[in-house]
Structure formats: structure tokens, C-alpha cells
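Quick mapping for you: the protein sequence lines, in order, are chains S, R, B, C, V and H. Mapping the first sequence onto this note's numbering, position 231 (from 1) lands on 231, and the numbers just tick up by one. Mapping the second sequence onto this note's numbering, position 93 (from 1) lands on 1093, and the numbers just tick up by one. Mapping the third sequence onto this note's numbering, position 182 (from 1) lands on 2182, and the numbers just tick up by one. Mapping the fourth sequence onto this note's numbering, position 242 (from 1) lands on 3242, and the numbers just tick up by one. Mapping the fifth sequence onto this note's numbering, position 139 (from 1) lands on 4139, and the numbers just tick up by one. Mapping the sixth sequence onto this note's numbering, position 224 (from 1) lands on 5224, and the numbers just tick up by one.
Among the hints, a few may not be true.
Here are the computed distance ranges between Cβ atoms for each label pair [stated by the list, open to error]:
1. C:A3010 to B:E2013: 56 to 62 Å
2. H:E5007 to B:P2149: 34 to 40 Å
3. C:A3010 to B:K2004: 31 to 37 Å
4. H:P5149 to R:M1225: 55 to 61 Å
Some chain H residues near chain R, calculated using beta-carbon distances under 8 Å [as the list claims (entries may be wrong)]:
5. P5077
6. E5097
7. V5099
8. A5103
9. Y5112
10. K5114
11. G5115
12. G5120
13. T5122
14. V5201
Here are the simulated lysine to any residue pairs, SDA-like style, with alpha carbons at most 25 Å apart [claimed, not checked]:
15. V:K4193 to V:K4240
16. S:K244 to R:P1189
17. H:K5004 to H:V5127
18. B:K2182 to R:K1196
19. B:K2006 to B:K2244
20. C:K3114 to S:K4
21. C:K3134 to S:K160
22. S:K4 to H:S5064
23. R:K1153 to R:V1127
24. H:K5107 to R:G1035
25. C:K3004 to C:D3185
26. H:K5107 to R:K1160
27. R:K1107 to B:A2104
28. R:K1004 to S:P113
29. B:K2240 to R:E1181
30. S:K6 to S:P113
31. C:K3114 to C:Y3128
32. B:K2011 to C:K3004
33. S:K160 to S:S64
34. B:K2240 to C:G3063
35. S:K134 to V:G4179
36. C:K3011 to C:G3035
37. B:K2182 to B:A2133
38. V:K4244 to H:G5065
39. S:K160 to S:G252
40. H:K5244 to B:L2152
Because the hints were derived from the structure by calculation, they are not lab data. Here a beta-carbon is modelled for each residue, glycine too, at the ideal position from N, C-alpha and C.
There are 6 protein chains.
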Amino acid sequence: MKNKIKEKWAKGEAVSNAWISIPNAWTAEIMASVGYDVMTIDAQHGLAADLANILPMLQAIEGSGTVPFVRLPDNNPAFIMRMLDAGVVGLICPMLEGVEDTAAFIKAAKYYPKGNRSLGPTRSNVVYGENYAKEANDFTITLAMIETPEALKNIRNIAKIPDLDGFYVGPWDLSMSLGYEKLADFQDPSFLKILKEILDVANEHNLVTGIHAATPENARFFADMGYKFVTMINDSSALKTIAKSTLANFEGSGKNGELGAY
Amino acid sequence: MKNKIKEKWAKGEAVSNAWISIPNAWTAEIMASVGYDVMTIDAQHGLAADLANILPMLQAIEGSGTVPFVRLPDNNPAFIMRMLDAGVVGLICPMLEGVEDTAAFIKAAKYYPKGNRSLGPTRSNVVYGENYAKEANDFTITLAMIETPEALKNIRNIAKIPDLDGFYVGPWDLSMSLGYEKLADFQDPSFLKILKEILDVANEHNLVTGIHAATPENARFFADMGYKFVTMINDSSALKTIAKSTLANFEGSGKNGELGAY
Amino acid sequence: MKNKIKEKWAKGEAVSNAWISIPNAWTAEIMASVGYDVMTIDAQHGLAADLANILPMLQAIEGSGTVPFVRLPDNNPAFIMRMLDAGVVGLICPMLEGVEDTAAFIKAAKYYPKGNRSLGPTRSNVVYGENYAKEANDFTITLAMIETPEALKNIRNIAKIPDLDGFYVGPWDLSMSLGYEKLADFQDPSFLKILKEILDVANEHNLVTGIHAATPENARFFADMGYKFVTMINDSSALKTIAKSTLANFEGSGKNGELGAY
Amino acid sequence: MKNKIKEKWAKGEAVSNAWISIPNAWTAEIMASVGYDVMTIDAQHGLAADLANILPMLQAIEGSGTVPFVRLPDNNPAFIMRMLDAGVVGLICPMLEGVEDTAAFIKAAKYYPKGNRSLGPTRSNVVYGENYAKEANDFTITLAMIETPEALKNIRNIAKIPDLDGFYVGPWDLSMSLGYEKLADFQDPSFLKILKEILDVANEHNLVTGIHAATPENARFFADMGYKFVTMINDSSALKTIAKSTLANFEGSGKNGELGAY
Amino acid sequence: MKNKIKEKWAKGEAVSNAWISIPNAWTAEIMASVGYDVMTIDAQHGLAADLANILPMLQAIEGSGTVPFVRLPDNNPAFIMRMLDAGVVGLICPMLEGVEDTAAFIKAAKYYPKGNRSLGPTRSNVVYGENYAKEANDFTITLAMIETPEALKNIRNIAKIPDLDGFYVGPWDLSMSLGYEKLADFQDPSFLKILKEILDVANEHNLVTGIHAATPENARFFADMGYKFVTMINDSSALKTIAKSTLANFEGSGKNGELGAY
Amino acid sequence: MKNKIKEKWAKGEAVSNAWISIPNAWTAEIMASVGYDVMTIDAQHGLAADLANILPMLQAIEGSGTVPFVRLPDNNPAFIMRMLDAGVVGLICPMLEGVEDTAAFIKAAKYYPKGNRSLGPTRSNVVYGENYAKEANDFTITLAMIETPEALKNIRNIAKIPDLDGFYVGPWDLSMSLGYEKLADFQDPSFLKILKEILDVANEHNLVTGIHAATPENARFFADMGYKFVTMINDSSALKTIAKSTLANFEGSGKNGELGAY
């Protein structure tokens, strides 16, 4: 069982991530056709929140080369196991606060003796082969979100938890709960300093760091800084953005000589 | 029962149209939030082809101010009636060839004495009120696609069919079936001439004309020419376009000082 | 394979029918729990129009004692066969006009040598047993709608078509297409006379007659007249009716001493 | 962001509520067309329990004027946030017992600094506009169910929890867990006394009080008593009730002269 | 309310169980047509994990004679209640560890005064009748999974919890968490000894014992040993097995004289 | 665009086909994991009859190496185009009778100038690349069913229709409509003679021949005879078969020493 993401990380490369909030297999298939390294289905704030919606999306992107991640709704062990059984490779757990809850997250995601994930990888056995359960502890990826003041305070201890692969920074919730007026302000030196420190802690512990960068420019910026997992698009927002600019172009432009096409 | 589209046409204005091929109510709701005059669910080539998929999309855009049209899969009377019963306001019928099939299209879309639409407007009664059936013949809109050589040949007779509201040009199928090498080439004078002639015939008969313009620039061009219903975006293609350009921006740009946001 | 409906008819009894337009298996299960002889899923004007929606409804009422009928969207042989393969017992075909189309309806519904229904009763084999195909020609029920002036004119010839079980009168479409101002006016002697004549023709040919009576009072009236299949409720309308009267009762009544319950 | 319910409460008026247990967008649309102030989707005992079912129902009633509430399955923060992200305005939390769990309910429903609701209002941003997050703490409504002996005992302390909008009494569970033989017996003075005391505590703390009244007569009774949120219908039960009475009317009545209609 | 499973157990008979992981009502209907005593929908590792998927499966097997069980995803009270409200008869709770969690499981599954299951059996009232709530505490069945070292250690105390009906052994998780190299090795005397001891404890306390036997041969073996609930097939695995052997038969066999049929 | 099936045929090899009647993407994924050359979704008698059900199945098997075919419900051009737009490679058209209807089938399946398939390959463009439309006429596969006496009579003329790839024999319908008492009796020399003659006509015209062989033994027999497309399993029947034999093995065998596993 090859894991393209771990291979890229082993070579020091950043992986590109698309954020998926539309609960539909066709839009997932479109996104996967574009070539992102990872697609993360957002089961917390996205509209595909349960297996009934997530399963067809996983099936639709299987074989595309894009690796499926899920941002969990919370730290519920049954949901963690269900996602892994359904073929999800990477998990991003939100709202963690410290060692205890992060360790519980890892425990639910790993089989004995590293954890207590229950055996029964119904779809993963079909998709990844009959050896899945044997190799799953090395294959699956776990990222702990750093988005609360508590997580920030406890970050050095969280970093030591065995089998954690890295951090994923949620700049909106983090800045809000730290009391910043302007949220996720990547121009604010004091906030950038925090983002740099998170990266430094991760690097000290051989962890990767990811961030919800929201745009390709931001993603480039953070990848250049050393972030190894950068989210640059949200499907719902992107569709709204292009639909708005299309209508504005039609209404605004009085020029009519140039005919475009896509 | 006010019909915003007919009101705009009465004032000589062009209406903006978004083409919907994603079979999902959430993306439909996003598209409707942007402010297009019309959204046309494509039941011919799109992936929402049956009532099971189309109904939740109609429900999701109800009340948005955007008026629902459907491009029919074909000239099947039962499907035509079903769409109207479900609350669709405008119908675009593909692949018509002449007077007989176009008249059949109109007949299926109108109640006695203008046609033989069967009575039973299950959802339209709830959405538009109990008077729906009485006013439906004036309320619903019918556009005949001009996309075959036969239709082009018979266009002056088609234009005389009572209760037809207008034409909708399908430039891809039309240019292909006319033997053009480059499809829908809006720079080709001989093709543009055809598009102008269709418009002229429509104007002579007090019909509106629509066209699958595909981009906002093209839509502007045709609206300026006199087209009154211009399609400028396809949701599936638009999502792919922005997803591709986002990834390209990330991979291409080495600049990192400017942080954007959307 | 026992057929409860044919048994009732053999004894001269009328069967009660509930009309189903809500595309949902739970509301179907509720309706079936009440004890109607037949439930007719309306695939013409109702919102469950395709197998994707109809199948779970059939599954939900299986074993309830209520027999599933479908009102077809039209006279399409593929859809007719699909409904029968999925376990539907009775078919009501709308908008028939004469001998040719009615004979085609029967032909699609019956196996060789009576017709050309294709073999492959996927679900019926499971639900009714492996003998299904052998007995299906006797088991299934076919009702031809009488709702157009043409059908009325040709009714005596329609009545002679072998294997037709009966008529189903659609009083709304019939009165509309006959030019009546007030639709389905069961107080109008001239319209009632027509309904009586249809019944008489049926009786002469040993056919049953059904009617879309809409209310239990009307259903009683027609059952007493000799109609053997009477539709007395539409689930969508009934839900709206009780929801409206509930709110009106709350808003209207100032009395507060009597506490009710259901 | 106007909140019609809070406006009515500010004027001292009671709001009418319909209870929704059918997992279907069409029945939701029918119910919303009738004019209830609020529709509460019951994610605890109803059959629409997850976002996959609830989302299309929310979409279908958007713009109807009826405000969507959800009765939560339990006090799970991830589910609370998901409902609010999807556009739900009011939350009713069942089975609360005291200050700790009720405070946790409020914390999950409010953004920093009042709580720790995570940022990401995917659909609410589209439906209520880009200012949603800024105004959400004032916009959303939280009702704590009073249906256990513990909640009754702790009610004065629960009432003091900041940002709680009111109580919602569950008379069936409350009477059962208090050991009453006859459940929700609104004729029993000892039970009515409890319901009056809950209302008095609420009034002392400027909270509204709601109750699962089940019928319009009961709802009237409690509204007159001072309850400000009264549930008078359950869609599943209502459909069963009218379907039963329709069949009974048909079978029972031998009268045939009076033809009704709806 | 007759409970066929309890009747069989009262006569000392073992019941046959089919394990359901395909999230589909048609495959559920096929499985139910075969005649298993019980079908257990696996909401932990199977792909029907939420009510949206489980409900149509329950509806499809209603009336088949096969009794619906659910293996819970975890010990969540809201999910337990939801399954029982939807008509599930038996619950199998995974990953239990001792008295406290097992008692919580029972408490969530039983009404006052035995537990605190909330009242609102939406579908069970329709399927089992209006007396459901009164008789539900005797009607529903609860099995505690024995699949962790902790559960094994605490088994004698678990066995004393009132209203627990029995154990269900998960041999894969149990052997894995006990450190066995070969999982669920029914040939290993040390492992078989454990399985025998679980049975003995159950028998001492008048509890039934079930086991995930996986094959009919194993199921026979354990039924003969005294197990009273034996799982012998998993629908997903079975379909894969027969699809593989069919293709192998085609590719392998060069014989062509014998023509088979099924 | 490589076409694995045409490549095998070019080498003179027979392709293995699995028949799909379960309307579910997970069972489709299981079937595809086994390694059949082709999977044919049966939109005529199977329970996945519309795009809403077929699309997720196509998505789930994409990239598996198994090529998707659809058996059409009938010869409807709109449905033919929709299947091809959704990514289906091969079409099997039932109930054909002669040259006219078969030519119409081909015409609907091919772009200008070979036919009049309308342009808009929404999903095929994503799955097969932007060149899809250019190469589609060579890429797609069309098989005409031979299952009526008329088709048999006209078979030599049907064989000459340009762009037809081959025949697919439906032995059940064929034998039934020819008046055979025992259907699809592959032991009956007179029937086998017909099947051999169909093959001979095909070979004369460089067409492939397929057959609904139903079992691996029959499939082997016909492949050895020269058939190049052999259907050997139906997913619904196979699941029922193995579920029945499993229960029978449990009930029948008293032996308990041998423990099996799968």
C-alpha cells in the first residue's frame, strides 16, 4: 500500500489540498480530475457530514490519484473508525485542546497495539486489498487541528504524542478565539509569528504542518515558509466566486468585440 | 402570477441565464444566490435528468428570485407535463426539426383549449397558488431549439406556431450538423450570419431569441446584437475552470508577498 | 398468487383507493397502515415519477395488505414493464384515445402469447415467488383511463380489447377537455350522465369501473352507483388540508377549556 | 438579519409551531405553505435525523416565511454547530438535567466570546448573507427542554444561564419520568400545576416557554395561559389521522346525496 | 407484540443471523426472502450507518418474518433510541468494557422506570401498534459485545445487569486485543476455551450468547456448543465470494458439455 | 482513448460480463473488484433504471479496469445519449425487430456525420478527456439484442447496418416468443441450432456475438463456441443463491468438526 502523501512529505515536498463542502459525487469527481494531491471532505462545516453522503464521494474519486482526507466533525471514535473503514486515508481532527483528547484521537485511528480501532475495514479491504488491516497503522494519516488557545498552550506536549503525523492550523477559529478583531489576517505580524512558531514546534518533532490558506497565493506563501499541507480552495466558495464574476462581467462590460471561450 | 422574465422581455431587456448540470440542490442554491434572472437545469446533457434530482433543486431555488427553466431531454409529453407540474416556468426543447414536432411540444405544454396538458399541477399549485391552472397557459414559457439543419430550413414556419415564445440557438450542435469543422465559432462570419438570420426571423414574428453563449463576453455580444436570453456559464465547467486555475496559480507563482482572500 | 382486488371484484365489492403523490416511503407506510385496499402511486402528476422513488415505496408497503397500483406517466412500454418487474400489481394508463393505444398498453403489460412483455421480473420474483412469470398475465390488472373526448367516443371498442380489466375515469381532465366550465362537477346532471354511461358500457363488457372521486363522500356516492374502484384521498392534499384546519382551529378558537388529543 | 420569532416574542405574542417527523422536502414544503410561524424538524424521534435528510427540508422551506427549528437528538456540540451552519435558526435541546449540560448546549450554539461554536457557516452565509457570523449570537434561538425530574428540580438555576432564550416542555417524557400513570394528562390539576410553575419561573427570568401541546385546542389553551411557543400538529400523526377518518367516512356513511370536494 | 426470537430462545433453539453491510433496501429484501431468523444491520463497520440508509432497509424487510437487529456504532443513547423508534427489535452494542457502560446501554434502551429512553416511537407505533411503548421494555432485545480484555475480565458483573438479554462475541476484535497472532482462530484450543467460558457465564445467568461465526460451518459448530445466536454470512463478503468463484469457474473450466442454471 | 474490449475482440478473445441489477454503488464496486472485463447495468429489468441510480455506480467502478455497459430500457434516443454522456462505453438495445429500429439505435449513439447524437458529453469529457467527442464514434460499442422472432427473421439485414458492433442474444425472451415451452433450454438441439446460426451470421459480417449465458458453465460453453461476450452472473440472483446455500448449510449439516472461513 503506497501512500503518495507520505512519499511527498518524505521528499520534503508540500502537498496541495482542495477543501470539499459540496455534498455531491459529481463535483468531487470534477475536483479530483484537476490534480490536487489531496481532497479533504469537511464533515464539520461542510454539507457532506455523514457516511451516506461521503461514501459516494470517496467512490467517485477513487483511482483519480487524489488522496481522500476527511475533516472530522469532532473527536468521536465511532465516526473516526467509520471514515477509515470507508477508505479515507487522512483525518483532520478539529477543536483539540491538549494531550488527552489528541491521544484519544490517535487511539481511535490505530489498531492494536497502538490503539483500539475496531476491526472491520469493509470498503478499505476492497479498495486497498486484503492486507489493509495489517498495514493500516502505517498507512493512515492523522493531523491535529491547532485552532484553540488551549491547543496552542499545550502544543509541545501534543507534538510528542506517538503516531501523530502533524498539525493543521485553522486560522479563523484560532484568531477568533485568541481575540483578534480581524480574523485570519495573514498580514498581521503578531498572528504570522504564531503561525511560524507552530511550524517550528512541528519541525522540531518531525511533524508536518498544514494550514487552511484559502487562496492559491496564501498557499504558496505558506508552502514557501515550510508548511507541507496547504489548502487553497473551497468548492462552494469557488463556485460562488466564479458565478458572481461571470455575471458581473456580463453586466459590466460594454465591449463586445472579443469573444472568449472555456 | 407575475412572470419576471416576460416582464423583462416586454421592456426589451435581455435576461441572463446560468446553465445547470450539477445534480445537486446546494450548488443550485449557490448559483441562485448570485442573481441570474434564469437558471436552466439541463435534463438532456446535464446530470440531473429526472424528477428525483430536479425536484430538490427547484425547491432550493424557490424564492431566490431566479426563475427555473429546464432544457428537456426530448419532446416527450409526459416529461414536459411533469416539469411544469413540479414548478418549472420555462421549457427549452432540443432537436426540433419542424412544424409538427414543435407544435406537439407546445400542445403538451398548454392546457385545453390550446393543448392537451393533463390537469394535476401538484407542486405548482402549492408554489404559485390555487389559481395556477387557470393562468398557466400565459405563465409558462416555451423555447424551441434551433440546432439542426432541418429546423433552420423550417424556421419561418416554426415561428408561426401559436404560443411559442421564442427560439434557443444551440451553436455547437447546429455548427456540427451543418458540417462546420470548428464548432460554435463566433468569429466565423458565415456562422454569425446564420445566427443573425435566426434573430431576424424571430423579431419578425415577435419571438424572443436565446443562445448558448457559454461565456459572459459572448453573452454580452449576443445581448447587444438583440438576443434576449443569453447563457453565460455552465456550473460544472465553471467549477473545473476555477479549480484548475487555482492549482495553476499555486504551482506557478513563486511570488509570496501578496496574500489574497475570497 | 392470490389477488385480493380481483377477489373483491369477483364478489361484486368496491375497493377503496388512496392516491399517492408524496415521493416518500414513510408516508406510504403510514397510508398503508390505515387499511385501504389499494394505493396508487401517481407517476404522472405525483412527485414519485421514477423507479428510484417508487421502489422504496413499494418495499415499504409490501406485506401491509394494501395492493400497489401505479398511474403511469404515459403509455411507454419500457416503463410499464419496469413497474411490473418491480412488483406493481395494477396499472392505470392515462390519456388513452382509442383501440390502438389501449391495445398497445395491454400488449406491454402481458407476456407472450398475449403480449410482448419482456421476461425479467427482478423484484416480483422475490416478492411473489418463482412462479410469478407463469401466472403474471392473470395476476396483473390493467385499467384504461377515460379522460379524453376521443376515449369517450371510442369507448365501446376499447371495452372489447382482450385482457383489459376496466376503466378509470379522470373527471377533471375529462370535463376540461369536454369544455365544461366547472371541472369535475358531480352535481351537474349532464356530466353525471356521462359517468353513468361509462359505467354502463363497462358493465356490458364485464369490466370494472374506477373513478377519481377525491373525497370519501364522493367515493361513497360512486360506489353506490356501481363503481368498483374509488379514489377518495390524495396524500399531499390531505396533509395540506389537516395542516390548514389545525392552524385555523388554533387561531380561531378562543375556547380553552376543552383539551383534545390525537 | 431580522428574526420574526424574536419580534413576535418582543410583542408578547405566541408563535405557532408544526412538528416535522416526515423525512421529506415536499411534505415540508406543504407544511410551510400553510403559514405556521415555526416548523421544528425532530431530529430526536422524527425520521429526518441527519443533515442528509434535513438539508433539503431546510432548502424547501427557505423563503416561505416559516422559520426552521430543530429538536436536537442530544446535546452533541458537533451536531449543534452543523444545524446552525445549515441555516437552522432555533434549537430545542432534549433531556437536559441541570446547569452544566444546559450551559454546554449554549456554549456550542454561540460564537466566541459567548461560546466556542466553530466558524464555518457554510449555508447560513449564503442564506442570511455575509454578515451572518457577526450577528449569529443574537440571531439564533436556544430552548432547553424541561422533561426530566432533574431539570424540574434545577429549573431556577437553568433559568439563569446567559443566552438561553427559554424552556420547551415535553409533557410526555416529563409525566412519565415523574411517575404519572396517564401521560401528558392536561386535565390533571397536579400536572397542570407543574406546567404553570415552569411558566412562572420562565416569566421571572424573562424567558419564553414552549410546550408540545399536540392539538390546536391544547395549543390555544397553553397560549392563553402564557406559553409563547405552542406545538399543535405532528405531520406523521396528522396524515394518519386524516387517512383513517377518510376511510372511515367512506365505509361508514351510507348517505350519498352530498358530494364534497377538497 | 410477539417476539419470535425470544420465543425460539425460550424453547432453547438457536437463531440464525445474517450480517448486513450493504447500504441498500433491495439487497436487504433479497436477504430477508431467504428465511434467516434475524438480520443485523452493522452500523459500526457496515456502510449503512445512519437512519437515512437504515430506515428503507427496515421498511423493506418488514413483514418478511426476519427480525431486524442493529449493531450499534457505539454506546450513544440518542442513536440507540433512534434505532428503536425506527422499528429495530434487537441491539448489539460494541466495545463495552464493564458494568458502567453496559448499564448505560440498557438504560438508554428501556423506558422508565427501567431506563430513560425518551418517548416518541414514531415508526414502531405504526409497525407494532399503539401499544408499542407499553410493551417495549419486554419486546426489545439487548446484547452486549464481548470483544475487549476488559469486558472479559468484568464479564461476571456485566452478566448481572438487569434487562441484559445476552452476550455477543466478536472473535476478531477479541483475539486481536488479547494479542493472538492469528485472529479468530477457532482451531486454537486456548481461544476456544475462552469462547466456552463466555458461554458458561451466560448460561449461569440465564443469558443467551451469540457469536460472529462468519460461515455456516462455524455457525453450526457454535450452535451445537450452545450458542443461541449465530452469524453465518456477511452480505458484502458473500457477494464478492460468489462473484470471484463464478469468474474463476468460467476462466478455469475447459469443460463445456455441462450446462448449469440458477 | 484505449478501448480494452475492442482490443480483446481484435485478438479474438471473449470478454467476461457481469450483469448488474442491484441499484447500488457499493455492490457495483465489489463486483468491479473481482475482475470482470465488462459490467452491464440492466436499465430494462434491473432496479437501477435512471441516471440518478446509474451515475454513482459508474463513478464507483471508474478506474477499476472493468468497462461499463448498459442494457437500455428501450430504443429511446434521449436515454441513449444520456448514458453515453455519463461515461457508458457499451450499449445493449433490447427488443429490436429489424433494420429501421436498429439503424435508429445506431444513429442516436453516434455523432455527425454517422448519426445525430447531440453534443454535450458532460461526464465523458472529464473521465475520458477533452478529446472524447472527436473519438467517441470509434470508442463506443453498440450491440443489438436478438430476442424476437422478427429480429431473427431480419438478422442478415440488421447485420449490414454500419457501425453496429454485434449481436447480444436474449435466450429467455427469444425462446419464449418462439413458443418454446422450456425457456432458454441450452440442451435443446433445435434451440442451440438457432444460437449457432446467429453466431454464423455475425461472423460473416465481422460482428461479435454476445449471450446472456447466466452461469459460468454456460458462458464457457458459448465462449468455446465462438461467442465473444458472455454474461455469467447476475448480482441479485447470485446474492440470493449464496444466502440460501449458506442457510441450508447451517441447517442441514450436523457435522461440526470442520471450521471454515471466508
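*Report holds or violated for the interface hint on Y5112 of chain H, using the least CB-CB distance to chain R and a cut-off of 8 Å.*
holds, 5 Å
*Quickly compare the C-alpha distance for K2006 of chain B and K2244 of chain B to 25 Å and report which way the hint goes.*
At roughly 38 Å apart (the allowed maximum being 25 Å), K2244 of chain B and K2006 of chain B break the hint.
*Take a quick look at whether K4244 of chain V and G5065 of chain H sit within 25 Å of each other, Cα to Cα.*
holds, 15 Å
*Given the hinted pair K5004 of chain H and V5127 of chain H, is their alpha-carbon gap at most 25 Å?*
Cα-Cα ~15 Å, so holds.
*May I ask you to test the interface hint for V5201 of chain H with respect to chain R, counting a Cβ-Cβ separation under 8 Å as satisfied?*
violated, 33 Å
*If you draw a straight line from the CA of K1107 of chain R to the CA of A2104 of chain B, is it 25 Å or shorter?*
holds, 23 Å
*With a cut-off of 25 Å on the C-alpha distance, tell me whether K1004 of chain R and P113 of chain S pass.*
violated, 66 Å
*Under the criterion that the straight-line Cα-Cα distance not exceed 25 Å, is the pair K244 of chain S, P1189 of chain R satisfied?*
With a Cα-Cα distance of about 31 Å, the restraint between K244 of chain S and P1189 of chain R is violated, given a limit of 25 Å.
_Hint consistency between K5244 of chain H and L2152 of chain B [alpha-carbon to alpha-carbon, up to 25 Å]_ = Between K5244 of chain H and L2152 of chain B the Cα gap is close to 52 Å, so the pair fails against 25 Å, i.e. violated.
_Interface restraint verdict for V5099 of chain H against chain R (beta-carbon cut-off 8 Å)_ = violated, 22 Å
*Does the structure keep K160 of chain S and S64 of chain S at a Cα separation of 25 Å or less?*
violated, 34 Å
*25 Å Cα cutoff - pair K2182 of chain B, A2133 of chain B*: The given pair, whose Cα atoms are some 45 Å apart, is violated under the 25 Å limit.
This entry does not satisfy hints 2, 3, 6, 7, 8, 10, 11, 14, 15, 16, 18, 19, 20, 21, 23, 24, 25, 26, 28, 29, 32, 33, 37, 39 and 40, going by the numbered hints stated previously.
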